[in-house]
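Work out the full structure, taking the sequences as your base and the hints as a guide.
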Amino acid sequence: VKKTLLILPILVFRVVLLTGLLLAGAVASRGHVAALENLVALVFLPGLMLGVIVTYLRAITDRVIPITLVPMTLLVSAAFLVAGILVGFPEASKPVANPEPVEWTAAILHGRSTSIYVDRQVGFEFRDTVLIRHGMLPRLHHHPVTYWNYEDGVLVIPGEGTVSTAEISGLQQTRGPSSLTLLVDDLRTVLRLLPPEIRPTTLLASPGYIATLLVLSGLIALTWPLVRLTRWPLMNGVITLGWARLLPAIPRLWDSAAPLMPNWFTSTFGLLSSFLTPAPPAVLLWLVLAIALLVLWVFQPSLARPRREMDEVEEQP
Amino acid sequence: VSVGRVFSMILAALVVILLGWAFLRGSVRLSAIPAGSTLTMQYTAMLVRAALIVFFEFLVVIVAIAGLVTFSLAASPRMLARSGDTFSAAMRPLLYTIVAMGIVNGLWFGLIAPRVESRLAQYAHRKHVAEVALQEAERLMELGMYSGAEEHLELYSSLEGESERSIDLLREAREGRTAREQEFRNQLQRVPDTPVTRAVEVEQMTVIDLIRIAREYLEDGDYFSAHHFATLAVEQSRTPRRDARIIQAEAFNAIERGSLARDEGEARELYAAKIAAYEAYQRGATIPEKAVEAYYRFQELEKRIPTDPDVQRFTPRALERVREISVFVEDARNNHVLPGRSNLVFLNERHADWYELVSVDKLVRVRDGDFLYGIEVIRVAPGSDRSPFLHLRAPYGKVISGYGHGALDQVILRAVSRDGSAVERGAAVVRPEFFAGDGAELEGGLTLRHTVDEIARLGGGTRALSLLSLGELIYLPAQLERLGQPVYFARVELLTRLFRIIGFFVLSIGSIAVGWRFRSRYPGRPPGGVFLIMPVVPWLAWRVIEVGRFTFATIAGNLVTLTSLTTTFVLVTISMFLLVIFTVFSLLRQKLS
Chain A
8 VKKTLLILPI LVFRVVLLTG LLLAGAVASR GHVAALENLV ALVFLPGLML GVIVTYLRAI
68 TDRVIPITLV PMTLLVSAAF LVAGILVGFP EASKPVANPE PVEWTAAILH GRSTSIYVDR
128 QVGFEFRDTV LIRHGMLPRL HHHPVTYWNY EDGVLVIPGE GTVSTAEISG LQQTRGPSSL
188 TLLVDDLRTV LRLLPPEIRP TTLLASPGYI ATLLVLSGLI ALTWPLVRLT RWPLMNGVIT
248 LGWARLLPAI PRLWDSAAPL MPNWFTSTFG LLSSFLTPAP PAVLLWLVLA IALLVLWVFQ
308 PSLARPRREM DEVEEQP
Chain B
248 VSVGRVFSMI LAALVVILLG WAFLRGSVRL SAIPAGSTLT MQYTAMLVRA ALIVFFEFLV
308 VIVAIAGLVT FSLAASPRML ARSGDTFSAA MRPLLYTIVA MGIVNGLWFG LIAPRVESRL
368 AQYAHRKHVA EVALQEAERL MELGMYSGAE EHLELYSSLE GESERSIDLL REAREGRTAR
428 EQEFRNQLQR VPDTPVTRAV EVEQMTVIDL IRIAREYLED GDYFSAHHFA TLAVEQSRTP
488 RRDARIIQAE AFNAIERGSL ARDEGEAREL YAAKIAAYEA YQRGATIPEK AVEAYYRFQE
548 LEKRIPTDPD VQRFTPRALE RVREISVFVE DARNNHVLPG RSNLVFLNER HADWYELVSV
608 DKLVRVRDGD FLYGIEVIRV APGSDRSPFL HLRAPYGKVI SGYGHGALDQ VILRAVSRDG
668 SAVERGAAVV RPEFFAGDGA ELEGGLTLRH TVDEIARLGG GTRALSLLSL GELIYLPAQL
728 ERLGQPVYFA RVELLTRLFR IIGFFVLSIG SIAVGWRFRS RYPGRPPGGV FLIMPVVPWL
788 AWRVIEVGRF TFATIAGNLV TLTSLTTTFV LVTISMFLLV IFTVFSLLRQ KLS
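Line order of the protein sequences matches chains A and B. Heads up: the first sequence begins at 8 in our numbering, then just goes up one per residue. Heads up: the second sequence begins at 248 in our numbering, then just goes up one per residue.
In case anyone wonders, no lab produced these hints; they're calculated from the structure. Note that the structure is a prediction, hence the values are computed from the model and not measured. Where is the CB? At the ideal position from N, CA and C, for every residue including glycine. Don't take every hint at face value.
Each pair of labels, with its calculated beta carbon distance range [claimed, not checked]:
id, chain 1, residue 1, chain 2, residue 2, range
1, A, A90, B, V263, 51 to 61 Å
2, A, I298, B, S811, 53 to 63 Å
3, B, D666, A, T112, 26 to 36 Å
4, B, M256, A, L253, 44 to 54 Å
5, B, V791, A, R259, 45 to 55 Å
6, A, S281, B, G771, 30 to 40 Å
7, B, E385, A, G249, 50 to 60 Å
8, A, Y154, B, S811, 27 to 37 Å
9, A, G249, B, F829, 53 to 63 Å
10, B, E385, A, E132, 23 to 33 Å
11, B, K550, A, T112, 50 to 60 Å
12, B, M256, A, R259, 35 to 45 Å
13, B, V263, A, N270, 25 to 35 Å
List time: in silico SDA-like cross-link candidates among lysine to any residue, alpha-carbon distance up to 25 Å [unchecked claim]:
id, chain 1, residue 1, chain 2, residue 2
14, B, K609, A, V245
15, A, K10, B, S404
16, A, K9, A, L64
17, B, K838, A, R65
18, B, K838, A, A297
If you want it as structure tokens, here you go:
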């Protein structure tokens with residue numbers, strides 16, 4: 008128990024460290040997937056999850072007693088989540104990325120149907136530009152000033168309307184690889200299930216939020232049976248990471264699968280979910296998964312035997 | 248079995264799988280290119296190139312997977328102990344292999360890949376040109392334009408060698424052309440013959456020679472030639488030559504007299520036409536429009552009196568002169584179908600108070616020269632009310648090289664039809680259309696401040712960057728800047744390549760450390776169920792690398808704007824090497840058991 012207790016500060020440290028690292032990575036990529044103020048909220052859950060997984064992976068070889076480790080992790084996760092809510096997750100709504108960190112001067116930005124020559128850039132204002140419309144006659148159009156609306160992805164030409172920048176290199180909204188953007192979208196959906204800004208008293212008075220918090224913390228803490236699923240830690244790591252990726256996707260998967268299911272099933276499920284957890288159906292699905300993990304853990308063989316076996320193997324000459 | 252051998256075996260198996268896939272992807276890529284025959288050596292060489300590009304793209308992934316699988320599943324402490332007393336000693340031969348592979352990977356991304364990419368691009372371009380040339384030849388044959396078809400077929404066989412189809416077509420085209428020429432000769436025989444006087448070439452002649460020849464012509468009664476040579480003598484001489492001027496005047500008087508002396512009717516009319524053509528030719532030396540007029544007049548005369556010595560002498564000269572100042576619409580149109588670089592935009596000049604931007608719809612480079620289509624030029628004075636002060640569009644242009652060392656190329660913007668027939672808006676001469684200004688300062692041609700090579704290579708945007716080697720990416724930015732192409736993208740590309748080259752070591756060595764740290768604790772082989780999840784490993788490895796590459800690319804984008812390129816380059820290289828050292832240490836820190 009003492010050894011397990013010692014892991015606690017390490018766990019907290021790792022969560023903070025990994026959250027910080029993810030945040031640094033997200034800031035360095037100029038928040039291509041979210042506005043900077045939303046990044047904290049977005050990296051918070053992955054940081055917590057990764058911190059727990061890394062701690063569990065190392066704990067396996069450290070001979071800790073899981074019966075004390077898992078509940079402690081549950082408490083730490085819940086504490087982190089509540090703290091996050093009390094600090095207040097900003098509304099992670101609109102994905103806003105930041106433009107390329109360059110001010111263009113005397114630069115031709117090429118595009119498929121439209122290119123633009125920018126003589127000088129001042130903020131989001133381009134001075135003495137020449138618009139090159141590759142499919143129009145004449146091709147070149149001089150505009151003393153054009154305005155770049157990054158968020159809507161258009162160039163505003165005074166008196167002439169707008170031109171899309173979707174295909175103009177350097178002006179397009181760069182999006183990361185689809186795996187990353189999809190993950191961010193999923194995380195955003197999960198964040199919407201949590202209260203945006205709430206006082207402790209109101210939090211206690213809303214059972215839906217409490218259920219969501221508990222189920223989420225439970226799921227995070229219960230990755231333990233997966234981390235020791237096989238006797239090959241690398242494979243366990245892969246499986247757990249896959250699992251960690253699946254969790255935030257559950258609300259989306261439910262939304263896309265629900266219309267395909269028979270009516271009676273979805274209505275029963277909805278009824279059941281409002282009865283058991285006054286929260287969206289995804290929370291009930293999470294609960295089911297958490298229970299499945301709990302069952303898996305209960306029936307898992309003890310760690311003592313493989314350890315003994317390995318010791319025997321490695322001690323042989 | 249040593250751990251090195253296990254690693255090599257797993258890697259070899261993965262290499263075979265990757266190569267198979269790479270060849271598949273390569274053949275898909277090549278299938279977009281019209282191929283003559285898929286069994287040729289050339290096709291095979293290109294397929295190997297296309298496959299290598301895919302292979303190296305994923306090499307780091309398979310090395311990482313091999314490291315992970317070998318050290319987490321296949322290798323046991325006992326196996327490693329056989330290779331050395333400590334973990335680091337057991338690792339040494341493997342590290343040498345990884346370093347060797349890393350160097351190959353570095354050479355590939357830094358030097359070889361851009362060359363291979365450009366070879367593939369050239370190959371695709373040549374195949375497209377050949378295909379279009381053959382199609383165009385067939386079309387021209389149907390229209391009965393045999394000499395045009397012959398040109399296209401010759402272009403085809405110079406690119407693709409001879410095929411049965413092209414040999415047949417070429418024979419048909421030659422027969423057609425010969426028949427046409429025979430027909431033309433038969434018509435000519437009906438025109439009465441006049442004696443042909445000797446032709447003399449003026450190149451390399453001194454003023455004295457020219458005057459002597461002019462005098463001889465004058466005595467022989469060949470007044471046009473006498474006048475021509477006397478004029479040349481006057482032009483070439485540095486001091487005023489009275490004798491040359493006298494011959495010039497006498498010859499001109501004789502020409503005028505000759506016009507009166509002729510009989511009424513056709514002969515007189517022909518002689519007047521010859522004078523007009525000759526006058527236009529003389530004035531064409533300074534006035535481009537007159538040169539074009541002279542060319543058309545001599546063309547007309549050649550049809551009527553092909554054996555006239557004056558016509559024979561001056562028609563080629565008029566052609567030569569018109570070629571220097573204009574492009575033939577027919578040539579331009581013939582070459583338009585050929586593939587080239589399209590939508591090129593570049594900054595031609597930029598000064599403190601004005602800049603000149605040029606857009607070219609298409610650039611076709613053929614043996615005859617570099618043809619430009621849809622050239623648009625705009626000159627803007629920033630902050631001025633009367634901007635743009637010049638804006639023109641020319642449908643055709645041709646690049647003529649400047650004379651002398653360091654001379655700039657010129658783009659001729661005047662296009663004329665070969666036979667004087669109307670080509671555009673009822674006129675035989677196509678001039679640029681002016682939207683602003685009158686182009687007086689252009690003097691008939693646009694001076695290019697860059698070589699056609701640079702424009703073709705870099706004027707099309709960022710897609711050209713993958714064709715540049717690491718060295719070029721370091722030294723080219725100044726050139727890019729002059730062309731108005733953003734240097735930013737080249738710098739990001741440079742850093743991204745560095746990440747790829749040095750990142751190879753981090754990923755391959757790190758994968759071994761991670762694999763060993765989380766190795767299988769099964770006493771023997773894991774149960775079959777575990778292997779079912781194995782395919783997730785490459786998928787996950789690829790996803791992680793993909794997200795990593797994206798993050799590094801964006802970090803590179805930020806870095807290049809913070810400081811100068813040299814500082815960034817040094818900083819990135821040092822920090823990447825530190826990362827490599829850190830990874831090596833984390834590997835060597837591992838214990839045997």
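Going down the list of hints, with the structure as the test:
The given range of 51 to 61 Å is respected by A90(A) and V263(B), whose C-beta atoms sit roughly 52 Å from each other. In this structure, I298(A) and S811(B) meet the distance hint of 53 to 63 Å, their C-beta atoms being roughly 59 Å apart. At about 49 Å, the CB distance of D666(B) to T112(A) disagrees with the hint of 26 to 36 Å. Look at M256(B) against L253(A): about 34 Å separates their beta carbons, and that is not inside 44 to 54 Å.
About 22 Å separates the C-beta atoms of V791(B) and R259(A), a value inconsistent with the hinted range of 45 to 55 Å. At roughly 51 Å, the beta-carbon separation of S281(A) and G771(B) lies outside the given 30 to 40 Å, and the hint is violated. At roughly 58 Å, the beta carbons of E385(B) and G249(A) sit within the given window of 50 to 60 Å. Taken as a hint, the range 27 to 37 Å holds for the pair Y154(A) and S811(B), whose Cβ atoms sit roughly 30 Å apart.
Between G249(A) and F829(B) the C-beta distance comes to about 27 Å, which lies outside the given range of 53 to 63 Å. Taking the beta carbon of each, E385(B) and E132(A) are about 54 Å apart, not inside 23 to 33 Å as hinted. Remark: the range hint 50 to 60 Å for K550(B) to T112(A) is upheld by a beta-carbon distance near 58 Å. For the pair M256(B) and R259(A), the beta carbons lie near 42 Å from each other, so the given range of 35 to 45 Å is met.
Look at V263(B) against N270(A): about 52 Å separates their beta carbons, and that is not inside 25 to 35 Å. For the hint pairing K609(B) with V245(A), the CA-to-CA distance comes to about 52 Å; that exceeds 25 Å, so the pair is violated. Distance check on the hinted pair: K10(A) and S404(B) sit about 81 Å apart at the alpha-carbon level, beyond 25 Å; violated. Pair hint K9(A) plus L64(A) holds up; C-alpha atoms about 19 Å apart against a cutoff of 25 Å.
The suggested pairing of K838(B) with R65(A) holds, with an alpha-carbon distance near 15 Å, which does not exceed 25 Å. A threshold of 25 Å between alpha carbons decides the hint, and for K838(B) with A297(A) the separation of about 37 Å lies outside it, so the pair is violated.
Violated hints for the displayed structure, listed by number in ascending order: 3, 4, 5, 6, 9, 10, 13, 14, 15 and 18.
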